[in-house]
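Protein chains in written order, with numbering that gives the first Met the number 0: chain Y, 0 to 265; chain R, 0 to 252; chain P, 0 to 393.
Hints were generated in silico from the structure; no laboratory data involved. A portion of the hints provided could be inaccurate.
Heads up, simulated SDA-like pairs for lysine to any residue below, C-alpha to C-alpha not over 20 Å straight-line [claimed, not checked]: (1) R/K142 with P/R46; (2) Y/K86 with R/K142; (3) R/K142 with P/A192; (4) Y/K139 with Y/G157; (5) Y/K139 with Y/L64; (6) R/K142 with P/A39; (7) Y/K86 with R/G217; (8) R/K142 with P/V28; (9) Y/K86 with Y/P54; (10) Y/K86 with P/E51; (11) R/K142 with P/R43; (12) R/K142 with R/M43; (13) Y/K139 with Y/S198; (14) R/K142 with P/G36; (15) Y/K242 with Y/F255; (16) R/K142 with P/I202; (17) R/K142 with P/G31; (18) R/K142 with R/L33; (19) Y/K242 with Y/H208; (20) R/K142 with P/S148; (21) Y/K86 with R/A218; (22) R/K142 with R/T228; (23) R/K142 with P/L146; (24) Y/K86 with P/D50.
Listed below are the residues making up each chain.
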Amino acid sequence: MDPVTSSTESTEPFTDDAPSLEVSGLAYAYPDGHQALFGVNLTVCRGERVALLGPNGAGKTTLVLHLNGILDAGSGTVRVAGLPVAKRNLAEIRRRVGIVFQDPDDQLFMPTVREDVAFGPATAGLRGPELEERVLGALKQVGMEEYAARPPHHLSFGQRRRVAVATVLAMEPEILVLDEPSSNLDPASRRELADILRSLDVTVLMVTHDLPYALELCPRAVILSEGVIAADDRTQDLLCDEKLMRSHRLELPFGFDPRSVSIPSA
Amino acid sequence: MGAGHAHKLYRHGHSPVHDLPPHCKLAAVFCFVLVVVSTPREAMWAFGLYAALLAAVAAVARVPAGFLLKRLVVEVPFVAFALLMPFVVPGEQTSVLGVSVSVPGLWGAWNVLAKATLGVAASVLLASTTELRAVLLGLQRLKLPPLLVQIASFMIRYGDVVTDEMRRMSIARRSRGFEARGVRQWRVLAASAGALFIRSYERGERVHLAMVSRGYTGAMPVIDEATATRTQWAYAAALPALALAVCLLGWTL
Amino acid sequence: MGVETVRTPQEAEPPMHVPDGFIDAPVSVAAGVVAAGAVAVSLRGARRELDERTAPLAGLVAAFIFAVQMLNFPVAAGTSGHLMGGALAAILVGPYTGVLCVAVVLLMQGIFFADGGLTALGVNVTVMGVVTVLVAYGLFRLLTGVLPSTRRSATVSAFVAALVSVPAAAAAFTLLYWIGGTTDIPIGKVFTAMVGVHTLIGIGEAVITALTVGAVLAVRPDLVHGVSGIAAPLKLRIDGELVDAPAATRDPEPAGAARSTRGFWITGLVSAFLLAGVVSFYASADPDGLERVAADQGIDEKAEEHGAADSPLADYGVGDIANARLSGGLAGVIGVSATVVVGTGVFWVVRRRHEDDHGTVSHDHDHDHDRDRDSGNDRDRDRDNDRDSDHGHV
């Protein structure tokens with residue numbers, strides 16, 4: 000455990016058996032009056048990999064931004080491993096919830112890969128050899144350790160996405176939240192990223208439009224539609240329910256039959 | 000401008016000048032230019048010596064003369080201004096090639112040309128031997144407010160990203176048959192500029208989200224720092240020190 | 000100062016700035032102190048407005064200013080103009096962040112492009128950052144405060160603000176040159192030339208700035224500094240029905256930012272008047288000698304004549320007032336006042352013509368801007384995952 004965890008653990012209830020993520024009754028409207036969430040309930044247990052599906056404008060990104068307290072719940076609660084998302088816990092919540100944003104250019108804001116991966120742990124107070132070790136470890140997990148000294152702008156898109164995952168892994172999160180991880184990746188990079196994600200021993204919530212990718216990586220899926228969770232089931236069962244899929248503007252790629260797919264074991 | 004390690008003027012290489020810590024180089028160049036600017040214009044020989052000093056630095060840094068000279072075109076608009084001076088400045092008249100020009104005007108033109116050229120040359124030498132990242136570390140080390148250094152750092156990181164977006168928008172416009180011919184097309188161009196602003200600002204917001212998601216609360220962790228030994232400082236100080244000697248001579252002679 | 004040149008995007012360079020040796024060392028240092036002070040105030044102000052978002056937002060806006068300065072605006076027959084961006088920055092992100100962005104852009108241009116002398120950095124930041132931003136923002140706030148809150152008024156305010164800010168910066172430069180110029184060019188000549196040329200440049204700057212601000216207003220009015228949205232009560236969707244959600248306690252928005260901007264526009268306006276008045280006052284210090292030299296050299300014929308040559312303000316001297324200096328100063332002040340009055344008049348006309356409009360900025364649909372709307376994303380889509388098209392990584 001790093002220094003940050005130990006300091007908050009003493010003051011906040013923390014139980015090992017609490018689910019990684021617990022969202023209840025979450026509603027939110029943007030300051031301009033547009034309401035995006037209308038009472039979301041969702042529980043993700045430790046070690047699960049869950050796909051969050053939904054049409055554009057369903058409120059997926061809005062929900063994600065509540066998970067680490069960037070948006071303040073208008074109504075309802077979010078708990079991460081038992082710890083409520085609230086102002087006083089924000090530092091610890093943000094260490095526990097690792098969000099990988101859709102555009103790696105947004106995520107990689109430091110001049111070099113090494114500094115970028117170091118940003119999270121360094122902000123939490125880690126320094127010196129410990130920090131170096133953490134950075135190298137995270138880069139190894141995504142197979143990017145050779146690129147530590149490179150500026151992010153000089154990497155390919157797939158490499159940048161992997162480094163973005165590393166920046167979050169370096170914080171040793173309780174839950175990894177990925178926003179459209181497969182978007183804009185060529186098939187090889189897509190495969191590499193899937194292998195990396197499967198190799199990680201961490202709870203994953205994956206926001207995606209890429210239904211085959213969801214099926215491949217996540218045994219369970221939920222559909223967020225019009226600001227509420229409209230369905231929650233085994234991914235394969237959800238994808239096979241044509242009526243449900245159609246009613247939430249979800250479409251499988253041409254020629255893809257979820258029934259015929261054998262799911263690789265986790 | 001290139002992100003991270005390389006930028007337009009930077010010439011990769013290993014030389015004693017490349018290896019000097021960035022803050023030493025920044026301080027040296029700034030002091031040098033300040034000394035040059037303070038030199039009386041009548042001491043024409045002093046400017047020759049300054050040029051010789053810079054040539055020596057360029058030689059040590061292995062920056063080719065052609066590269067340096069090409070970069071001086073940045074001055075051109077002001078050269079035009081300087082060339083006007085002999086004609087518009089009142090005062091004692093003299094005849095050059097049969098044209099009547101004013102003596103103070105000539106001095107003024109010489110003064111601006113000499114000093115601006117030396118200033119540009121010194122800056123080009125700095126930029127061609129120092130990586131972007133290093134300059135930021137140097138500025139940070141020279142006690143520029145951290146927030147300002149961060150803003151500069153973000154600007155450099157995203158300069159290419161925003162310029163690329165602008166280029167893509169231009170391609171998209173032209174692909175749809177748009178051609179900017181004159182003032183009538185300004186509305187479309189300005190709409191692009193507006194869209195570019197919105198994209199940049201929204202990216203700024205998303206970058207901020209990505210930062211707070213990793214624990215940012217307003218202070219950037221200092222991960223790297225530029226350090227310099229006394230010897231390195233001494234090397235860097237050679238240029239402004241010699242220049243200062245020349246300048247003092249210029250005032251006394 | 001911005002010098003309009005022809006550039007292709009491939010060889011695009013930032014505009015030209017004051018080099019070393021143009022202004023003497025003491026005044027350069029003094030301008031450096033002024034610039035440093037302004038930057039320090041802006042750092043504090045920006046922090047107050049943007050909080051910890053300052054660094055990424057100002058950095059991205061600086062990158063935007065840097066990029067947009069390279070955008071070619073063709074005028075005619077192969078010539079083109081470029082935005083300087085000071086007024087645009089001031090209007091879009093406010094005075095503090097505006098000053099910071101322009102200062103950082105100038106700093107980076109000075110170091111990496113050798114554009115603008117390192118010792119002239121203070122002069123450049125003072126003239127192009129501080130003066131431009133203050134004058135533009137001051138006028139913009141004043142006008143939008145006086146005029147009805149429609150998108151059209153905001154656009155016209157932006158036009159006037161940018162139009163005045165460019166010659167104001169030129170006047171500020173002239174003032175610095177007058178105090179610390181390395182050559183005694185007759186100051187009246189410099190003033191007339193600088194302000195004349197920059198009024199022309201200012202028209203281009205003003206058109207582009209106004210159009211750009213208009214484009215931003217059409218898509219994200221909330222991003223234009225000082226315009227804010229309205230909140231509606233929250234709802235819960237239970238079994239498909241919408242019901243009111245229990246209210247949660249929220250931190251109220253800091254009110255300080257809005258109040259502090261008021262001071263800024265007052266400062267900006269006052270400095271505009273001061274600059275115009277004081278500089279004109281001294282600019283006309285010795286008009287006789289200068290005119291004679293110009294006539295001797297045969298330059299008079301070439302000097303630009305502008306449309307107002309026959310007006311009472313011609314040559315920046317009010318004819319009936321005997322004291323030349325006083326009249327010059329008065330002319331400057333009258334010039335600024337006239338601009339404000341004309342601008343205000345335009346707004347009143349606009350307001351009267353649009354009395355039946357919805358009145359609020361966000362609802363002011365203008366068919367001219369339909370295209371702009373298409374190019375932007377609607378907000379909820381933007382907030383969600385549909386960003387692929389936006390960033391076009393192909």
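Against the structure, the hints come out as follows:
1. For a cut-off of 20 Å, the pair hint linking R/K142 to P/R46 stands: about 19 Å separates their Cα positions.
2. Using a Cα cut-off of 20 Å, the hinted pair Y/K86 and R/K142 is violated, with the two alpha carbons roughly 33 Å apart.
3. Restraint check for R/K142 and P/A192: not satisfied, since their Cα atoms lie roughly 39 Å apart, outside the 20 Å limit.
4. Between the alpha carbons of Y/K139 and Y/G157 the distance comes to roughly 15 Å, so the proposed pair stays at or under 20 Å and holds.
5. Between Y/K139 and Y/L64 the alpha-carbon distance is near 28 Å, which puts this suggested pair outside the 20 Å criterion.
6. Only pairs whose Cα atoms come within 20 Å are accepted, and R/K142 paired with P/A39 is accepted, the gap being roughly 13 Å.
7. Proximity of Y/K86 to R/G217 is assessed by CA-CA distance (about 15 Å); at most 20 Å being required, the pair is judged to hold.
8. Straight-line distance between C-alpha atoms of R/K142 and P/V28 comes to about 18 Å, which keeps the hinted pair within the 20 Å bound.
9. Our distance criterion of 20 Å between C-alpha atoms is broken by Y/K86 and Y/P54, whose separation comes to about 31 Å.
10. Simply put, Y/K86 and P/E51 have alpha-carbon atoms about 15 Å apart, close enough for the 20 Å limit, and the pair holds.
11. Proximity of R/K142 to P/R43 is assessed by CA-CA distance (about 17 Å); at most 20 Å being required, the pair is judged to hold.
12. Distance hint between R/K142 and R/M43 is unfulfilled; the C-alpha atoms sit about 35 Å from each other, more than 20 Å.
13. Pair hint Y/K139 plus Y/S198 holds up; C-alpha atoms about 12 Å apart against a cutoff of 20 Å.
14. Taking the CA atoms of R/K142 and P/G36, the gap is about 15 Å. The hint holds against a cut of 20 Å.
15. Restraint check for Y/K242 and Y/F255: satisfied, since their Cα atoms lie roughly 16 Å apart, inside the 20 Å limit.
16. For the hint linking R/K142 to P/I202, the alpha-carbon distance of about 39 Å lies beyond 20 Å, and the restraint is violated.
17. Simply put, R/K142 and P/G31 have alpha-carbon atoms about 15 Å apart, close enough for the 20 Å limit, and the pair holds.
18. Restraint check: the Cα-Cα separation between R/K142 and R/L33 comes to about 19 Å, which is no more than 20 Å; the hinted pair holds.
19. A distance of roughly 17 Å separates the Cα atoms of Y/K242 and Y/H208; the hinted pair therefore holds under the 20 Å criterion.
20. Restraint check for R/K142 and P/S148: not satisfied, since their Cα atoms lie roughly 43 Å apart, outside the 20 Å limit.
21. A C-alpha spacing of about 18 Å is found between Y/K86 and R/A218, which places the hinted pair at or below 20 Å, so the restraint holds.
22. For the given pair, R/K142 sits about 18 Å from R/T228 by alpha-carbon distance, which is consistent with the 20 Å threshold.
23. Distance hint between R/K142 and P/L146 is unfulfilled; the C-alpha atoms sit about 44 Å from each other, more than 20 Å.
24. A hinted pair counts as satisfied when its Cα atoms are at most 20 Å apart, and Y/K86 with P/D50 qualifies at roughly 16 Å.
Violated hints for the displayed structure, listed by number in ascending order: 2, 3, 5, 9, 12, 16, 20, 23.
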